[in-house]
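Engineer: Keeping the supplied structure of chain A fixed, place chain B upon it in accordance with the hints.
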Amino acid sequence: MKILLACCSGMSTSLLVEKMKEAAAKKGIDCEIWAVSQDKAEEEMEKADIVLLGPQMRFLKYKLEEKAKEIGIPVDVIEPIAYGRCDGEAVLNKAMELIKK
Amino acid sequence: MNKFMSMMERYLLPAANKLNNNLYLAVLRDSFMLAFPLVIFGSIFVVIANLPYLDVILGDKAVETLRLVLDAAPNATMAIMTLFVVFGIGYNLSKHYKVEAIYGSVVAISSFLLLTPFNIKLDESGQVIGGVIPIDRLGAKGMFVGIIAGFLSTEIYRRIVQKKWTIRMPAGVPDAVSKSFSSLIPAVLTLSVFLAIRAVFLFTPWDNVHDFIYTNLQKPLLALGKGLPATLIAIFFVQLFWFFGLHGQIIVNSVFDPIWGALALENFEAFTAGAEKLPHIVNKYFIDTFTVGMGGSGMTLPVIVAIFFVAKSRQLKDLAKLAAPAGIFNVNEPIIFGLPIVLNPLILIPWIVAPLVVTAFTYFTMAIGLVPPPTGVAVPWTVPVFFNGILATNSLTGGILQIVNFVIVMIIWLPFLIIIDRQYYEKEKEQGGLK
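Going down the list, the protein sequences come from chains A and B. Every number in our numbering is 858 more than the matching position in the first sequence, counting from 1. Every number in our numbering is 17 more than the matching position in the second sequence, counting from 1.
Simulated from the structure, these hints should not be mistaken for laboratory data. One thing to keep in mind: the hints can contain errors.
[To be verified] Just the calculated beta-carbon pair ranges, DEER-fashion:
#	chain 1	residue 1	chain 2	residue 2	range
1	B	V272	A	K958	38 to 48 Å
2	B	L413	A	I957	51 to 61 Å
3	B	V327	A	K925	30 to 40 Å
These figures come from a predicted structure and were not determined experimentally. Glycine residues also receive a C-beta, built at the ideal position from the N, C-alpha and C atoms.
With the rest of the complex left out, here is chain A:
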């Protein structure tokens, strides 16, 4: 499972990446999680199974949705509270749920 996170410069989402990796390791799930800045998001999407956006960049969703449909992956905005608390497990669960759909 490959999860791409994107925000302005890929800094604040990278905090979350670490927490999600921890949560995944605990559950014994094999996955690749990485964060990029918004201008790289469109390129990196091709390698991912899902794209999650920092809530502060939720206006990017419109821009990325088109390409996401093309390659057939979901785009979603991370829930603000989970984002603020760096709740890796909650975000990981949501991502897995969306990929299964």
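Structural biologist: Just chain B now, kept in the frame of chain A:
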């Protein structure tokens, strides 16, 4: 209140969407970012050449030689910043239209140079020296001409390519050869347009496009953008967007970056030329260092420290611990979404008032000469507070000013933090009692 919030959200989200996804603004932002590593390189050596007491340690003569050598670093990077921006516009815009990006960018550079005078008039004697490209035209002075030329040339170029007015080679001809032929007609036509523009301007009182755009567009825009009112309005909108959970900095920057960037570049040119007084107080590094550079947009590092001082509730204490390491490097999403600042009516007042007060105060101390304005040396926005203030202003007073600002922000926030903390604390006690 809820009604008001949802109404604001209805207007702000589309506005953010438009500003951020506008093709030209997005291309411009990415093009400014292109020069970033080069600008940092130049800045490092400007900082080294201007270290305090260097002449005492090394002696005057050695310093002079050192500066002579190090001068090349900023000259090859920041001084010709506009070239990189033009290249970036040509490249990114062509890439968007899916035409050969590398040709789009060289055509953009040539188009820009076609508008540039190839001579310098010496001030004292009035003598004109030909066969040179004046370096200031490739820097701050030519910034707006560069932006316009970059967009205009790439738009013309890609239209001709997309109309397929190109020479197509038979199959079997090597790819590089056929590509260079396919861009032949579009390049020639685009550059002809710019040569014609150059020729027309020779017959106007401005003599060249550079002087025309500089006096009629760049100068008035910069004058407007560097004023305190415009700066406060920009900061207000950064805060307002963030209050609704949108990245205010990036949204507002997409409009202000060319202006703040050009102002920083003009300061930088004055600084490296040894000017005693720098021309502009407000510029890119004024914003980056004295507003964003105190823990992120909205100056939240003082807020974290204040929480450590007064908080009794578990929730705030935990949050401050989680947010502090990132906050030191000016990343503050944990605070913004965790406190939360987003859509929290109690926070709205300090959230908007504190940065405005600090911005006005910083402006004032620089206007009366207590602290020098930022020199235009590039300081990455992740450099921690105090250090970024010293680096940006090339003066210890820049760091001291930040400490004063730090205290101002804490004082403005304290009463509000205490109220929130009490609310959380009561709630936690209740829940604890129920268990």
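Engineer: The structure should be examined with respect to each hint, and the outcome stated for every one.
Structural biologist: Now the hints, each set against the structure:
1. Restraint check, V272/B to K958/A: a C-beta distance of roughly 41 Å satisfies the suggested window 38 to 48 Å.
2. For the pair L413/B and I957/A, the supplied restraint of 51 to 61 Å holds, since their beta-carbon distance comes to about 53 Å.
3. For V327/B and K925/A, the hinted distance range of 30 to 40 Å is not satisfied, since their beta carbons lie about 47 Å from each other.
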